[in-house]
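Visitor: Protein sequences, first through last, are from chains Y and U.
Going letter by letter, the first sequence gives residues 1 to 206 in this note's numbering.
Going letter by letter, the second sequence gives residues 1 to 206 in this note's numbering.
Honestly, I wouldn't trust all of these hints.
It does not matter which identical chain is used: a pair holds within one copy or between any two.
Stated by the list, open to error - Capping the alpha-carbon separation at 25 Å, the derived lysine to aspartate or glutamate pairs in DMTMM-like fashion look like this: (1) LYS193 - ASP176; (2) LYS204 - GLU90; (3) LYS112 - GLU94; (4) LYS163 - ASP8; (5) LYS193 - ASP95; (6) LYS193 - ASP111; (7) LYS112 - GLU142; (8) LYS146 - ASP111; (9) LYS2 - GLU158; (10) LYS193 - ASP130; (11) LYS112 - GLU39; (12) LYS7 - GLU147; (13) LYS146 - GLU105; (14) LYS204 - GLU94; (15) LYS129 - ASP95; (16) LYS7 - ASP111; (17) LYS129 - ASP149; (18) LYS204 - GLU105; (19) LYS78 - ASP149; (20) LYS204 - ASP95; (21) LYS204 - GLU42; (22) LYS193 - GLU90; (23) LYS2 - ASP205; (24) LYS163 - ASP95; (25) LYS193 - GLU94; (26) LYS120 - ASP95; (27) LYS138 - ASP149; (28) LYS2 - GLU169; (29) LYS112 - ASP205; (30) LYS2 - ASP176.
Everything labelled a hint here was simulated from the structure, so no lab data went into it.
There are 2 protein chains.
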Amino acid sequence: MKHFSQKDIDTLSKIYRLNLINSATGYKSAQLVGSVSSEGNENLAVFSSIVHLGSNPALIGMILRPTTVPRHTYANMKATGVFTLNAIHESQIEDAHHTSASYPESISEFDKTQLKVERKKNFLAPFVKDSPIQMACKYLNEYHIKENDTLLIVGSIEDLYVKDSILLEDGWIQLDLGGIVTINGLDGYAIPKLQERFPYARPKDE
Amino acid sequence: MKHFSQKDIDTLSKIYRLNLINSATGYKSAQLVGSVSSEGNENLAVFSSIVHLGSNPALIGMILRPTTVPRHTYANMKATGVFTLNAIHESQIEDAHHTSASYPESISEFDKTQLKVERKKNFLAPFVKDSPIQMACKYLNEYHIKENDTLLIVGSIEDLYVKDSILLEDGWIQLDLGGIVTINGLDGYAIPKLQERFPYARPKDE
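Take these sequences, add in the hints, and give me the full structure.
Guide: This is the structure in structure tokens:
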């Protein structure tokens, strides 16, 4: 195996280190985050840092670095208090990745890609049409992580929309039936196939 | 699409809600966390809540609920200050899932599964043999998330070991070459195949 000590990592070139450390923790969720500014400018940005925080209440977390791209998402969610999460379908990966390009605040990524806005009820932030799982979220709080000056954003799930064909009887969403992708590092998109689902694990008697 | 309002979610049965909300945020990283108590009892537990926090310095985050299983991992990392992260290979999923069974603190999950301990240098916590990516981590800090009484643990990567055949020239780890799995919800294990890797996204001129 190739070994990197902490000192090795610290002295790698920036791009090599970004690639290595971003892929070392394994597969990440792939979400398009929809938001809107107080002036009505819509924004869409790909994120791989959305995490499950808890189911009761239903909460999500998001890690972001407020001083770098995609800063519009953060400014918008602070200004309006809301955002959407949209799972990425395998047919959307090229457009999803393109939302990471640095556009001025007045340019909507919906106008620069084939991704289409979908509106639901009176929710202020835009959803992504044809995304198999969509969530309307409310910004609740943020925690400053002093070790590297990032933020953990805490959001609540206000509304959840799931494609009927991927929602099983017990509430489990079979993600591969929806063609939902996962992210490898900064720029790799992979398509998983379910291998096995296990029952609740109980200790073995011996 | 099936719609769940926040009120719907709050009134679902516990199991249905756990399945639904745990799978709604998409694919999660799959890691075996190795730790050891001050008495020398080894512990291994599957986690799907490890996130990339930053690459410079190289930091990881982990969400956990200290009052429920797997509490041994938390107690051990607090007591010794160290733990390991081990990517799960597709041949290890059954044993990996079994580490979620509730064993007493004196029982090592290494003795209840086919997973084997690997020791590296003088690092106190055990690694998982044949895991394609292994990390020696140091506990740095924790943040209490008051919205649902969980913790964000912040850890540093002290040593990183990567199987040679999956490490590309630019530092990117191609996870599917290593047979590394991802988690769908609480109990589903999926195997991704890389679809595409994109160049750095730049704005389109128009």
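Visitor: Determine for every hint whether it applies to the structure shown.
Guide: So, going through the hints one by one against the coordinates:
{"no.": "1", "hint": "LYS193 - ASP176", "result": "both (6 Å within a copy, 12 Å between copies)"}
{"no.": "2", "hint": "LYS204 - GLU90", "result": "between (40 Å within a copy, 22 Å between copies)"}
{"no.": "3", "hint": "LYS112 - GLU94", "result": "within (12 Å within a copy, 44 Å between copies)"}
{"no.": "4", "hint": "LYS163 - ASP8", "result": "between (46 Å within a copy, 17 Å between copies)"}
{"no.": "5", "hint": "LYS193 - ASP95", "result": "both (22 Å within a copy, 19 Å between copies)"}
{"no.": "6", "hint": "LYS193 - ASP111", "result": "neither (32 Å within a copy, 30 Å between copies)"}
{"no.": "7", "hint": "LYS112 - GLU142", "result": "neither (30 Å within a copy, 40 Å between copies)"}
{"no.": "8", "hint": "LYS146 - ASP111", "result": "neither (36 Å within a copy, 39 Å between copies)"}
{"no.": "9", "hint": "LYS2 - GLU158", "result": "between (45 Å within a copy, 14 Å between copies)"}
{"no.": "10", "hint": "LYS193 - ASP130", "result": "both (20 Å within a copy, 22 Å between copies)"}
{"no.": "11", "hint": "LYS112 - GLU39", "result": "within (19 Å within a copy, 59 Å between copies)"}
{"no.": "12", "hint": "LYS7 - GLU147", "result": "within (17 Å within a copy, 37 Å between copies)"}
{"no.": "13", "hint": "LYS146 - GLU105", "result": "neither (28 Å within a copy, 33 Å between copies)"}
{"no.": "14", "hint": "LYS204 - GLU94", "result": "between (46 Å within a copy, 13 Å between copies)"}
{"no.": "15", "hint": "LYS129 - ASP95", "result": "within (13 Å within a copy, 39 Å between copies)"}
{"no.": "16", "hint": "LYS7 - ASP111", "result": "neither (44 Å within a copy, 34 Å between copies)"}
{"no.": "17", "hint": "LYS129 - ASP149", "result": "neither (34 Å within a copy, 34 Å between copies)"}
{"no.": "18", "hint": "LYS204 - GLU105", "result": "between (57 Å within a copy, 15 Å between copies)"}
{"no.": "19", "hint": "LYS78 - ASP149", "result": "both (18 Å within a copy, 23 Å between copies)"}
{"no.": "20", "hint": "LYS204 - ASP95", "result": "between (48 Å within a copy, 12 Å between copies)"}
{"no.": "21", "hint": "LYS204 - GLU42", "result": "between (53 Å within a copy, 17 Å between copies)"}
{"no.": "22", "hint": "LYS193 - GLU90", "result": "both (12 Å within a copy, 12 Å between copies)"}
{"no.": "23", "hint": "LYS2 - ASP205", "result": "neither (39 Å within a copy, 41 Å between copies)"}
{"no.": "24", "hint": "LYS163 - ASP95", "result": "within (21 Å within a copy, 32 Å between copies)"}
{"no.": "25", "hint": "LYS193 - GLU94", "result": "both (20 Å within a copy, 16 Å between copies)"}
{"no.": "26", "hint": "LYS120 - ASP95", "result": "within (22 Å within a copy, 43 Å between copies)"}
{"no.": "27", "hint": "LYS138 - ASP149", "result": "both (23 Å within a copy, 18 Å between copies)"}
{"no.": "28", "hint": "LYS2 - GLU169", "result": "between (45 Å within a copy, 12 Å between copies)"}
{"no.": "29", "hint": "LYS112 - ASP205", "result": "between (59 Å within a copy, 10 Å between copies)"}
{"no.": "30", "hint": "LYS2 - ASP176", "result": "between (32 Å within a copy, 17 Å between copies)"}
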